[in-house]
Structure formats: structure tokens, C-alpha cells
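Visitor: Given chain A, put chain B in place with the hints provided.
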Amino acid sequence: MREITIVPLQEFEVPLEAENIRPDIFATLSLEEIRDLEVWEGNRRRYLSDLFSVAGNDGTGECLIRLDGDFSRVKRIGEGMREGEILVRGNIGMRAGSGMRGGSINIEGDAGDWLGREMRGGSISVKGNAGNYVGSRYWGERCGMRGGEIEIEGSAGAYLGDHICGGQIKVKGDAGDFPGASNRGGAITIGGDAHLPGAEMVSGTIVVKGRARVLPSYGFQETAEIEGQLLWKFVGDLVEKGKGELYVALVEDDGQLDK
Amino acid sequence: MIIKGGIVYDPTNGIFGEEMDIFLEKGKVVEEAKGKEIDARGLLVMPGGVDAHAHVAGTKVNTGRIMRPEDARSGLEPKTKLLRPCTGYTVPNCYAIGYRYARMGYTTVFEAATPIIESRHTHEELEEIPIVDKGALTLFGSNWEVLECVRDDDLDKLAAYVAWGLRASRGYGVKVVNPGGGEAWGFGTNVKGLDDPVPNFDTTPREIIRGLVKANEMLNLPHSVHLHTNNLGKPGNYTTVLDTMDTVKDITSTRDRQVLHVTHMQFSSYGGTGWRDFESEAPQIAEYFNRNDHVTMDMGQMIFGNATTMTADGPLEYNNARLLHAKWSNHDIELEDSSGVVPLVYGRKMPVNAIQWAIGLELALLTESPWKTLLTTDHPNGGPFVNYPEVITLLMSKAKREEEMATLHELVAKRTVLPTIERELDWGDIAVMTRAAPAKVLGLAEKGHLGVGADADVTVYDLRPEKIDPARDHKRVKEALGRVKYTIKGGEVVVRDGEIVAVPRGRTYWVDASVPEKDAERVQVDLVEKFEKYYSIQKSNYMVQDAYVTDPVVVKAGVI
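Respectively, the protein sequence lines represent chains A and B. For the first sequence, counting from 1, position 5 maps to 4 in numbering that gives the first Met the number 0; every step adds exactly one. For the second sequence, counting from 1, position 33 maps to 32 in numbering that gives the first Met the number 0; every step adds exactly one.
These are calculated hints, taken from the structure and not from any lab test. Hints are supplied without guarantee of correctness; some may be wrong.
[Unchecked claim] Here are the computed lysine-lysine pairs in the DSS-like style, where the Cα-Cα straight-line distance is at most 30 Å:
id: 1; chain 1: B; residue 1: K466; chain 2: B; residue 2: K532
id: 2; chain 1: B; residue 1: K326; chain 2: A; residue 2: K242
id: 3; chain 1: B; residue 1: K213; chain 2: B; residue 2: K3
id: 4; chain 1: B; residue 1: K326; chain 2: A; residue 2: K240
id: 5; chain 1: A; residue 1: K242; chain 2: B; residue 2: K348
id: 6; chain 1: B; residue 1: K213; chain 2: B; residue 2: K529
id: 7; chain 1: A; residue 1: K171; chain 2: A; residue 2: K126
id: 8; chain 1: B; residue 1: K233; chain 2: A; residue 2: K240
id: 9; chain 1: B; residue 1: K532; chain 2: B; residue 2: K517
id: 10; chain 1: B; residue 1: K80; chain 2: B; residue 2: K27
id: 11; chain 1: A; residue 1: K240; chain 2: B; residue 2: K25
id: 12; chain 1: B; residue 1: K33; chain 2: B; residue 2: K78
id: 13; chain 1: B; residue 1: K413; chain 2: B; residue 2: K397
id: 14; chain 1: B; residue 1: K25; chain 2: B; residue 2: K3
id: 15; chain 1: B; residue 1: K529; chain 2: B; residue 2: K555
[To be verified] Sample of chain A residues lacking proximity to chain B, with all beta carbon distances greater than 10 Å (derived):
id: 16; residue: T4
id: 17; residue: L36
id: 18; residue: L50
id: 19; residue: G127
id: 20; residue: G146
id: 21; residue: S154
id: 22; residue: G156
id: 23; residue: S202
id: 24; residue: L237
id: 25; residue: K242
We treat Cβ as the ideally placed atom computed from N, Cα and C, and that holds for glycine.
Chain A on its own, in the form it takes in the complex (with noise of 0.2 Å):
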């Protein structure tokens, strides 16, 4: 496979927008070209190379992208894209391929909000945490995520999975406020602790490994065993209708719940 490293030759003040860093972009351009792709700094119009050094292997094909260094305040990479990989050895900006179809992108430290925003297909890894609104839909959006992975080995922000439609997250570490809100046919796993998860769930499932304030609109139904550890599944989020399923270790009781 044909691989490109892209190191920044700064660091950013102003956030930018890289959405043409992207394997499927690259795949059909020579370096020159590639070098010559746009990007936004604040709203100034740049070419990649005017902010970073592209290095790699010439001639077109499948594409690898290495990211070298801190690209924290750089957006949008890897956005709607379909094949290819790219390894970030650092961390990585707002919007991280949000949209996807497929590939894959693999980070070593930690992704910014929005990772993977209505993604469709493919799969991201995160090896520290991510931010808020991991695979979740645009405001206003009825769907997030419809199908792919997402996996995080640290913890994710708030508003996981919003309005997850179909696909997959797991989170080694803890979830923060409304995971799963609005499911309609996503599976999200959290091996922490999570904060009132699936509020207006219709369909799917949501597995807290930890402590979870469970929702009074959620009905109680029977112990279950998922790999090895005895949780309580709750039916929900009843407000919907919904027959969702959500599975919690240690149910954060306030005495009114009842179950």
C-alpha cells in the first residue's frame, strides 16, 4: 500500500479545516498534487504543504496517511471517506471521519468531538479518549451513526451515540452524560460508568460494565449475563414506546426507582 506522511511544520493557533486529508482523495493524486490540496486556517485558503510536510511515495493507488505530530486543531480529516487507512500518532481534531463509508482510521491518542459523526461504514480505533458526541447525528438530524465501528480503549464525552441508528461503539472507559439518546438500532458498550443512558431509545442495546443512573422510563425485566458479568437488563425508553434493551452492572439508586 502506497503510504503518505504528513507532518505539521507549526503549531496551529488557528483551528483548520482538512477535509481533502483523506486516503481516498490522495489515492488518485501524485504527492505534487497532493501537496497542492486545499486547507482552511481560520479563513485564510492554504495548500497542505504551506502548513505541512507531506512526504511519501509518489505514483496513485490505495493510500496509507501517517500523521506524525499534534493535529489536535485539525478538523475534519477523514471525512466521508470510503477506503484507506489513516494512523495518527498523535491526537487528532474536531469531526474525525465523520461521514464515513469505509476504511479505517486508527489513532494513538486522543480524537477531538464528533468522532466519526453519521459515519456509515469502516471502523476507528482510539487508543486514549475521545470527546463529546462520538458517532452521533448533526443537530436537527434524525439518524447519527448507521453502521460501522467505533472502538475507544480511554473514555468518551457526553452525548455518545446520539441518535445512533445502526452500527457499533464500544468504550473501554466511561461514558459521560446521555449515551445512547435517542437510540434507533445502534449497540453501544461501556465498560465504565455512564450518566442516564438511552434516553428515548426506540430499538437497539446499550451496555453499561459500571455504575449507570437508570431513567425512571425504563422497565425492569430479568438478570442477564453478558461475557462473564451479571447485569440487570431494563426495557425502554418507555416515553418512546421503545423496546430497547439496556443492560447496567450497578444500577445508581436515589430509592425511587423500583425495581
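Guide: Leaving out everything else, chain B in the frame of chain A:
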């Protein structure tokens, strides 16, 4: 300015496809003029388009924008040296509305519904819509003062209140939405027919419609009453519409126009007893129009894809939201009406949507006279106005209709007669439906035609009507209708080759109607009491000031 050698369609003046020059001077069409020449040799030339019904400004449009951040992801156009940035498809921002109309060759747009109390906001948005001339129709159908006047059968006072309401809202005409229903919705109910009493007011929708139509004619207003019928959007509602049109048949119009305009008829031409046996009754409606001359309608054509329904018909939007499990905004407008906003998606494979799509086209194709059927999509209820080129090509090409029908749910062939309709409209019909008729229906004497004295609003399409067959080359026609060669507004070229080249400010029409002083005084006595007791604001803060209408065209009317 001279527009040279165009193939001109100007139905008002009996011109259908004649090669002629058009002379413009000081914003008007004149007999003879000198100056810049525009080469339109062999190209299709029409008066600037007039849209008589679209929801383009006001609180409900803004509510749509607020509810639909996702809509602003489409239609993005960055700012240029000349243009402001644009966003949105179903609920575009103000600038986009003006630019997009101009690019289609439209130069006049009327906002279809504004409650008096929200009119300041409506005008603030109208002020920001560039290029096109505009006006707003004021809502009266569930207004307490109206209901009381109708109940007391006091037409003089009703006319005086309508005149005051138009002045207070800087409005152009009388809009009536689901008469009585807006008030009933305040109590969680609706009126279910023309003779269903309005809660707490001893009156009925039939009396409200008749009262307002009579008052409208007493005031000699340029436009007739503009009605969104009772039971709109419900299966089997066509009988309500036929009854409604019959109930005003005996009232004579005081002007050379209809006595009632029934708007977005597509939503009122439904048969069946429920959604399962839902079917088109458009042929019945069209037949009524072929036999009667006292009413006009606009299509309210449905467009597949995203739409944002917004209306003063509060209970209708409640039903929509429940049926579709969609986002819903519900609004009570004090003493004046209710309203709601619900975004939805019309699907090709949804039987009801496919039939709705066919109904709009049936109405336009089965009604013999194009003067009675204006072309609208009830933007953004049936679909966004940018789809007018699509609607025009559907009307002009049976081949296109067949192509489209092949992609729809098969019930469209069983529950409508569209597949059997051979008629293909010509450029003359289209010029009537998009220019001449809307101007006539609205009572805009200087719009929609190219006779001497008309406003210098002209569209030049990049189409050679003598060489192109719209029935066959519908793709090419649609493209050219969406990106005109020239739009000339008030004698100034605003669009050249599909690009905006100038952004003048449009003017706003409103009607100042005079009434006898004694009636005006009686209305004031009522209003003082209503503002003291019920309104959330002071009467002194209620009226839209002139500062909110910076380029007004004040049309005088009044009790003769």
C-alpha cells in the same frame, strides 16, 4: 433599455409568442426608449414571475429555521463581493430567498400568512429579502374581533376592523386559515365542518368566511379573501371545499377578479374515508372550476424530499406531528390564531405522498383555464419554491410525468387519473400560471404583464421556444428555467447568465383602506377593552411603524 427580438409571452395583453422589442425606462415599460440593448433574439421572454403564495417571512418561518439546524447544512453558498452568504433548502435564510427567486426569473413574492401581532417580525424579514417586491397577507380567520363582528352580523364594524388590521400589520390582503379552527385549538379541539360552532363564539366557519368575503368586497380590496380551507389535509375533505366555494357564490366581487382564492388546493382535494382508502378527488374540484368563475386556486404542488410544513392551522400540525412522529412546534397567537410547524419528508414509495403529488398536477391539467390555477408549491409546505422549474416541466411534458410515475408507489395509477391525462401545457399557459394570473388574482395592476405602464420586471430565458420541444427536452428546459439568461427588476439587470449581478432593494405592498369614522371609532372602543383585558402587549406598541417598511407601495382602497 431595449430588450431586442425576444419571443414574448404576455398573456394579459394577448401576446403569445410574438417576436417583439420591449422598451424600459425609469422602472416602467414604455412605448419607446433608448439606451442599453439586451440581445434576446429568438429567446423566450416573459414578465417577471409573481408568486402569490409562499411562506418566506415571519415567526413561523424563523421557528422552522430554529427547529431545523440540519436544513441549514444544505444550500450553502459562500458570500461574495456582492452577495451575502446563503443557507438552507426548505427554510433558507432571507438573502437566499431573494437570490433564488431572482435566478428563476421571479420578481414578486407574497408572504402567505402573518398574524397582526407578529407582523413587525414579518416585515423585519421582508426588509432583508433582496431584489424581489413583496407583500404579506394578514390572518383574520380566528381573530376574536372578527368572530364577534360575524356573530353580531355587524359587517360595517367587521370591515372597519379589517381595514385597521391591514394598517396595523402593513398587510396587503385578508388571509383566512381554517376559519374558527385556530380559536378552537386553544381549547384542544377543531371545527370539523362549515357549520360546526366555534367554541365560546356563537358562530361557524361558514359565517366567518361569508362575513370576511363581504367585508373584503365592501372595502374594495385589491385581492380577494385568500382561504386555507377547513379540514385541510384530511381524507374526504373535497366536499368541504366544494361546499365552501358554493357558499360564497352569491357574493359579487367589486373588482375584476375572483371573490375567493382557495389556496394550495392540493391539500384540499382528498377523497376516501381515511389514509387506507385515500384517493384523489381533483377531477371533481377541476370540474367545479370549469363550471364556475367566481373562485381561483393555486396548486400547492408537492415535491418529493424534505419539506417544512408551517401554518396557522394548529390542529393540522398536531395531527401531522402525531402521525409522522416528527418534531413539532405549536404556538398560540393570543386573540388572533394558532399555528404550528412540522418538518417532514415526502417519499416516492409512500402511497399517500405519491397520490398527493399526482393531485397537484391533476388540478392544473384538468382545469381548462390556466387563469384559475396558479403555480405554487405552498413553499415550504409542499416543497421549496426552488422546485418551480420541476413543476413547470411536469406540466409541459407527459413523458416526464411518466418517467416520474414509474418511480412512485403503484397506487398512484389506481387512485388518481393522472396517467390518463394527455394534456401538455404550452408557454402561454405557463406564462399565465406564473405571471399574469397571480398578478390578476392579487390585484397588482402593474405586475405580471409587459404593457405600457407595467413595472419593468422582465425574464429572459435561455430557451428558444421556436426550436425546443418542452415535451421532449424537459431536462434542458428545467435547467434553463432554474438559471435564467436575464432577470430585469425595476429596469435593472439583476441576473445575467444565472448569476446575480445587482442586488437592489425590493418594495413592500400594503393596503390602506378607508372606512367611515363612526365604524372606526366603534372598533377602537372594542380594541381598548381587548388590549386592557387580554393582550400581552399595549395597543400603543401593536401597530407596525413605517420604519419597518422602508420602501412601501401603499395601495388605497376603502368603503366606496
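Visitor: Could you run down the list of hints and mark each one as holding or not?
Guide: Hints, one by one, checked against the model:
1. Of the pairs offered as hints, the one joining K466 (chain B) and K532 (chain B) is violated, with about 67 Å between alpha carbons and a cut-off of 30 Å exceeded.
2. As the CA atoms of K326 (chain B) and K242 (chain A) are separated by approximately 21 Å, the hinted pair is consistent with the 30 Å bound.
3. A hinted pair counts as satisfied when its Cα atoms are at most 30 Å apart, and K213 (chain B) with K3 (chain B) does not qualify at roughly 46 Å.
4. Distance restraint check for K326 (chain B) and K240 (chain A): the Cα-Cα separation of roughly 17 Å lies within the 30 Å cut-off, and the hinted pair is therefore satisfied.
5. Distance hint between K242 (chain A) and K348 (chain B) is fulfilled; the C-alpha atoms sit about 26 Å from each other, no more than 30 Å.
6. About 24 Å separates the Cα atoms of K213 (chain B) and K529 (chain B), which keeps this hinted pair within 30 Å; it holds.
7. With a C-alpha separation of about 10 Å, the suggested pair K171 (chain A) and K126 (chain A) falls inside the 30 Å cut-off, and the hint holds.
8. Straight-line distance between C-alpha atoms of K233 (chain B) and K240 (chain A) comes to about 26 Å, which keeps the hinted pair within the 30 Å bound.
9. For the proposed pair K532 (chain B) and K517 (chain B), the alpha carbon gap of about 23 Å is at most 30 Å, so the pair holds.
10. For the suggested pair K80 (chain B) and K27 (chain B), the alpha carbons sit about 29 Å apart, so the restraint of at most 30 Å is met.
11. Between K240 (chain A) and K25 (chain B), the direct Cα distance comes to roughly 65 Å. Violation of the 30 Å bound is thereby established for this hinted pair.
12. For the suggested pair K33 (chain B) and K78 (chain B), the alpha carbons sit about 35 Å apart, so the restraint of at most 30 Å is broken.
13. Distance check on the hinted pair: K413 (chain B) and K397 (chain B) sit about 18 Å apart at the alpha-carbon level, within 30 Å; holds.
14. A C-alpha spacing of about 18 Å is found between K25 (chain B) and K3 (chain B), which places the hinted pair at or below 30 Å, so the restraint holds.
15. Between the alpha carbons of K529 (chain B) and K555 (chain B) the distance comes to roughly 28 Å, so the proposed pair stays at or under 30 Å and holds.
16. At the 10 Å boundary, the C-beta of T4 (chain A) stays outside the reach of chain B, the nearest C-beta of that chain being 32 Å off.
17. The non-interface label for L36 (chain A) is consistent with chain B: the shortest C-beta to C-beta separation is roughly 19 Å, beyond 10 Å.
18. The non-interface label for L50 (chain A) is consistent with chain B: the shortest C-beta to C-beta separation is roughly 21 Å, beyond 10 Å.
19. With a minimum CB-CB distance of about 29 Å to chain B, G127 (chain A) clears the 10 Å threshold, and the non-interface call stands.
20. The beta carbon of G146 (chain A) sits about 19 Å from the closest Cβ of chain B, which is more than 10 Å, so the claim that it is off the interface holds.
21. The Cβ of S154 (chain A) lies farther than 10 Å from every Cβ of chain B, with a closest approach of about 27 Å, so its non-interface assignment holds.
22. Against chain B, the non-interface label of G156 (chain A) holds: every CB pair exceeds 10 Å, the least being about 20 Å.
23. Remark: the non-interface label on S202 (chain A) is consistent with the geometry, its nearest Cβ contact in chain B lying 13 Å away (cut-off 10 Å).
24. Every beta carbon of chain B lies more than 10 Å from that of L237 (chain A), the smallest distance being close to 15 Å; the non-interface claim holds.
25. Remark: the non-interface label on K242 (chain A) is consistent with the geometry, its nearest Cβ contact in chain B lying 15 Å away (cut-off 10 Å).
Figure legend: structure checked against the earlier numbered hints; hints not met, in rising order: 1, 3, 11, 12.
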